[in-house]
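J.: What follows is each chain in one-letter form.
There are 2 protein chains.
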Amino acid sequence: MRIGILGGTGPAGSGLAARLASIGHDVVIGSRSKYRAMETVDDLVGKWPQLAERLTAGDNAGAAECELIVMATPWDSAAGTAQENGDALAGKVVVSMANALVRVNKKFQPLVPPRGSVAAHVQAAVPRSRIVAAFHHLPATELGHIDEPIDSDVLICGDDPAAVLTVSAIVDDIPGCRPLDAGELSNATAIEAFTAVLLQLNVRYKTRVAPKLTGIKRDPRVVSPSE
Amino acid sequence: MRIGILGGTGPAGSGLAARLASIGHDVVIGSRSKYRAMETVDDLVGKWPQLAERLTAGDNAGAAECELIVMATPWDSAAGTAQENGDALAGKVVVSMANALVRVNKKFQPLVPPRGSVAAHVQAAVPRSRIVAAFHHLPATELGHIDEPIDSDVLICGDDPAAVLTVSAIVDDIPGCRPLDAGELSNATAIEAFTAVLLQLNVRYKTRVAPKLTGIKRDPRVVSPSE
Numbered sequence: 005m006r007i008g009i010l011g012g013t014g015p016a017g018s019g020l021a022a023r024l025a026s027i028g029h030d031v032v033i034g035s036r037s038k039y040r041a042m043e044t045v046d047d048l049v050g051k052w053p054q055l056a057e058r059l060t061a062g063d064n065a066g067a068a069e070c071e072l073i074v075m076a077t078p079w080d081s082a083a084g085t086a087q088e089n090g091d092a093l094a095g096k097v098v099v100s101m102a103n104a105l106v107r108v109n110k111k112f113q114p115l116v117p118p119r120g121s122v123a124a125h126v127q128a129a130v131p132r133s134r135i136v137a138a139f140h141h142l143p144a145t146e147l148g149h150i151d152e153p154i155d156s157d158v159l160i161c162g163d164d165p166a167a168v169l170t171v172s173a174i175v176d177d178i179p180g181c182r183p184l185d186a187g188e189l190s191n192a193t194a195i196e197a198f199t200a201v202l203l204q205l206n207v208r209y210k211t212r213v214a215p216k217l218t219g220i221k222r223d224p225r226v227v228s229p230s231e
Numbered sequence: 005m006r007i008g009i010l011g012g013t014g015p016a017g018s019g020l021a022a023r024l025a026s027i028g029h030d031v032v033i034g035s036r037s038k039y040r041a042m043e044t045v046d047d048l049v050g051k052w053p054q055l056a057e058r059l060t061a062g063d064n065a066g067a068a069e070c071e072l073i074v075m076a077t078p079w080d081s082a083a084g085t086a087q088e089n090g091d092a093l094a095g096k097v098v099v100s101m102a103n104a105l106v107r108v109n110k111k112f113q114p115l116v117p118p119r120g121s122v123a124a125h126v127q128a129a130v131p132r133s134r135i136v137a138a139f140h141h142l143p144a145t146e147l148g149h150i151d152e153p154i155d156s157d158v159l160i161c162g163d164d165p166a167a168v169l170t171v172s173a174i175v176d177d178i179p180g181c182r183p184l185d186a187g188e189l190s191n192a193t194a195i196e197a198f199t200a201v202l203l204q205l206n207v208r209y210k211t212r213v214a215p216k217l218t219g220i221k222r223d224p225r226v227v228s229p230s231e
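Residue numbers (our numbering), protein chains in the order written: chain A, 5 to 231; chain B, 5 to 231.
There's no promise every hint is true.
In this list, chains with the same sequence are indistinguishable; a pair is considered to hold if it fits within one copy or across any two.
In silico BS3-like links for lysine-lysine, alpha-carbon gap of 25 angstroms or less [unchecked claim]:
(1) K110 with K221
(2) K111 with K216
(3) K51 with K38
(4) K111 with K221
Just so you know, these hints were derived from the structure itself, not from any lab.
Just so you know, these numbers come straight off a predicted model, no measurement behind them.
The shape of chain A in the complex, shown without the other chains (with noise of 0.2 angstroms):
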């Protein structure tokens, strides 16, 4: 699949960039400043030559072409990024990976953002997309160290159901990672929020915690939409 990363050159885009074309996506990386999305695909296929082929650069507005979009911007440039590209998202599915969080005294801290979540404000800046929120618990490093597997679930929400399946399938083919159908976008809030305490847990640990939910059996619906 074509997918445009918005925002895609800070830690959590590029790695995420890089995971992607990883396992056969082609990726446009996009930036508000094309030459800084540029640098960023020079740096990861520096790393990884094999992902020459999978990676290119662009502005946001080109990223926004893609067939399915993820908005990696910091969280309080997504909706407005969003909306600035509305008539290119319009009918797409559109991730919100972002978290509404302010450091307080080397502390992180959630914040309530525009209503309630980054991506129910997302939602709300393109009510034309289908917002699907994924991704959030990934630690960014390990995103981007396509050799290692991740082992960890992701949580994954969305009013829109075939929406929440194309992005579950994506996750599937990420190795180590099991998607989570988590419900409606209301869900979004809850799991932004909880990224805080992993960054506290990672702080607290020296590590780089990711999320497991046991009890859970493979539901092939949630991960063969084509079935």
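Fit chain B to the known structure of chain A by using the hints.
T.: Same frame as chain A, but now just chain B:
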């Protein structure tokens, strides 16, 4: 340790009472009605006769005399019940385990309670007590199945490190549970809200999920406070 559970007749409170008794604690199940508490104790002892010598029924004021307190009332009674017993609770470790959730169209949605979390609301109601938030994500039914271990991490947060250590040591004695230090009490907001996502997964996958975090090695500073 002698542990009092205020509002201990509901599923979470009685399940926790049975579990704590099963690992050797003396537990007083408190309730607004001591007769309801007696009924709960009878039910539990009927199922597990070996807990008879560990479980006592009382009213909330009686349970509040114990060494360590658990608030297991419905979330909207937690702060009020704590405040009514404020003198008895002064100086003590008080565990907040409730989640502020509301059911909308068969789905659970988190609410923002006064002060941002149930735990913070309780802390404000009993400022002389040492509030620790814990046990939010454990499924109540499995908590009460004392013959089975619970395969789950337990996120514990609070502003008093010694109080967090005390609760961590109790959690560490529950077979299958791993206590994790999740930072200050402000993290209770996200931990409580995340319960709505877990309940959603329970419905979606017809199971009872419990969270585990990959990437953390056991930390002796958390699990062995006496060292």
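J.: Hint by hint, note whether the structure agrees.
T.: Right, here's what the structure says about each hint:
1. Taking the shortest alpha-carbon separations for K110 and K221, only the inter-copy value of 23 angstroms comes in at or below 25 angstroms, while the best intra-copy value is 38 angstroms.
2. Taking identical chains as interchangeable, the C-alpha atoms of K111 and K216 lie at most 25 angstroms apart whether they share a chain (23 angstroms) or sit on different chains (22 angstroms).
3. In this assembly of identical chains, the alpha carbons of K51 and K38 lie at most 25 angstroms apart only when taken from the same copy (20 angstroms versus 67 angstroms across copies).
4. In the homo-oligomer, the alpha carbons of K111 and K221 lie at most 25 angstroms apart only across protomers (21 angstroms), although the nearest pairing inside one protomer, at 35 angstroms, exceeds that limit.
Hint check: no violations occur; every hint is consistent with the structure.
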